[in-house]
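*Asks:* Take a look at the letters that make up each chain.
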Amino acid sequence: MVDVSSNKLKMCKITNTSLSFRLNIKSAPHPPPPPPPPPTAAASTTNIASKRHELLLFEALREGLEEEMDRDPRVCVMGEDVGHYGGSYKVTKGFATKFGDLRVLDTPIAENSFTGMAIGAAMTGLRPIVEGMNMGFLLLAFNQISNNCGMLHYTSGGQFKIPIVIRGPGGVGRQLGAEHSQRLESYFQSIPGIQMVACSTPYNAKGLMKAAIRSDNPVILFEHVLLYNLKERIPDEEYVLNLEEAEMVRPGEHVTILTYSRMRYHVMQAAKTLVNKGYDPEVIDIRSLKPFDLHTIGNSVKKTHRVVIVEECMRTGGIGASLTASINENFHDYLDAPIVCLSSQDVPTPYAGTLEEWTVVQPAQIVAAVEQLCR
Amino acid sequence: MAQLTHRTSSLLKPLSFALSSTRHLSSTTPITVETSLPFTGHNIEPPSRSVETTPQELIKFFRDMALMRRMEIASDSLYKAKLIRGFCHLYDGQEAVAVGMESAITRKDCIITAYRDHCLFLGRGGTLVEAFAELMGRKEGCSKGKGGSMHFYKKEGGFYGGHGIVGAQVPLGCGLAFAQKYSKDENVTFAMYGDGAANQGQLFEALNMAALWDLPAILVCENNHYGMGTAEWRAAKSPAYYKRGDYVPGLKVDGMDAFAVKQACKFAKEHALKNGPIILEMDTYRYHGHSMSDPGSTYRTRDEISGVRQERDPVERIRKLVLAHDLATEKELKDTEKEIRKEVDDAIAKAKESPLPDPSELFTNIYVKGYGVESYGADRKELRAVLP
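From first to last, the protein sequence lines are chains A and B.
Quick note: the first sequence uses the working numbering, first residue 1, plus one each step.
Quick note: the second sequence uses the working numbering, first residue 376, plus one each step.
If we strip away everything but chain A, and leave its shape as in the complex, we get:
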């Protein structure tokens, strides 16, 4: 193994080829109705001298959703308790009075068919957003998502497009029990024709929500139950993020840590400990679960030569497994050591608090893994 002890105390110089490349990306012109071109995406930590306001993640989602519904009358929301109740996580609060019952549709408890309905409506040109009250319930709609949502554009030879957004909270955290703590990224990832993104901060939640709605492809937006009350200051002016781009959370030199959704915060906690111990981890929030942003990830691997993946998916067949395969295939020459993939245990999530904690990856485990890798 390469001795990194001499590098330990060097602060990394950010040449930032990837960052500057990202700042040069202009968003493509939008399909009609065309708004003024949005400002280019910038990491939320960059200092923009713009006015900002503070809000919680679910409010950011709400803001993004509201802006898009104001902008395009074809955008509508369907889900259980999204209308009069305001959404079980308050993402659509106040929408029913503002937009009316047809645009914010309270559906009966019939995931399979209301997802099917949304897909049928999307075939005619509407842009529905399906909210699963909990991601796990969308397993009932798997047939519709896989066969109709993902494949209709292909099997019709391009005649129909399905500009649908399917979103909902998932993940482990509130002692909700096994059936309400599922991570469906792994099940949906092989469906051809869909895109998957996971949001983790209010800034990217709003940006990704808007991008998903504007995209003409079916997008599944994964949210996390524990992240809804995160607070952040986000720009006042309108912005949209790129659906396929990963976010550089903390540039570094020694090891690349890839993560998404809630695990980002465990990783950042571990990163503090690691910095104190003299390591310099580069943390990337991959955000786009399908397709992977191999450009950002590749640049990072080229720099650090070591990869740790920290995810909340199960070990078997999860996002980490696919990402490991992808990186091994594409960047094998740049790797100094095998990729370490830390994922949740392959168990149904127990109810007891301590047990639940140990099904997911904890910061201490991340620190141990990085130390092991960089030895």
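Because the hints were derived from the structure by calculation, they are not lab data.
Virtual Cβ for every residue (Gly too), placed ideally from N, Cα, C.
Treat the hints loosely; a few may be bogus.
Stated by the list, open to error - Calculated cross-link-like contacts (lysine-lysine; reagent style DSS-like; alpha-carbon spacing at most 25 angstroms):
#1 A:161 to B:641
#2 B:706 to A:161
#3 A:161 to B:744
Stated by the list, open to error - Computed far set for chain B versus chain A, every beta-carbon distance over 10 angstroms:
#4 458
#5 481
#6 604
#7 605
#8 677
Fit chain B to the supplied structure of chain A, relying on the hints for placement.
*Replies:* For chain B alone, coordinates are given in the frame of chain A:
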């Protein structure tokens, strides 16, 4: 019978009809026809048995149904010749439903059905060449050869497919109706399914939602009495599918009589635009097995099949009507059938010449090129990323 003047262009035209030569009736004189059986209603007053039609329409019905019949028989031979692969579900025997429905509605109304979709596609404006090319997996097929027998679509004609999973098209159909209600255009959606699919849960879920929000959805159960190999009485406790809607009104229609279908669809359209969903049960029959892999004789007797063919065949019924109203002679009808046969053979020949799709087509149409897929391109042909 007037000759078709443009032979080749007729292959590309949808179902064209020949005007009858003038007899004592002009082609638009109204004729009143009685349906074979009265309608049975559930929670609704059934419409009258008398249907208004014209000689033009009668001839058109004959021609369209004969064309559909011919197309399905030709597909049978093509399948046996291994030019059509996979699954091939044939519609012969059920043509009256397609033709009757088409005559009652406009192209702005939507039709969505399951996998027995060849004839409905034709009715919605699809051409023979597109159909055969798609069946043979060629580039000129309606879905560029990528869909196959179970995935015919025609966006301009309001035909939304073509779905393989039994019952999944009904929620989609309710979604189409939802969009129609949302955009406030006075159109309806016909969501078709079979007696086998009538036992799917998502159907009742969709029906509940359609009734809740008064969506202009018409659920049409094409009851051909067999769900592949299982007879309806072995699969359903209550085979009265038109009554299954409970609070949603239903109508039972003789699906082998094109005029009964036409009357029912017109009635249903008016009802759906005012009052929300309605179920139509078309009592019909398929001569072929469930698909080409099913002989169709292990669960029913040949006598039954030939009995239905003799007594209730839809094409024969129209032929008898045409002859009874003296709109054409026996010979003229035979000539039309010969013409149709030639038309179908020409279409098959043309479809056979059509090239197979380009290998690059494997990766097109997976995603729509638009916002969100411009940085790296999700339909990458190679999975290796190239760093700039």
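*Asks:* Run every hint past the structure and note whether it holds.
*Replies:* A quick look at each hint next to the structure:
no., hint, in the structure
1, A:161 to B:641, "30 angstroms, violated"
2, B:706 to A:161, "48 angstroms, violated"
3, A:161 to B:744, "11 angstroms, holds"
4, 458, "20 angstroms, holds"
5, 481, "15 angstroms, holds"
6, 604, "23 angstroms, holds"
7, 605, "21 angstroms, holds"
8, 677, "36 angstroms, holds"
Violation of the numbered hints given earlier is confined to hints 1 and 2; the remaining hints are satisfied by the structure.
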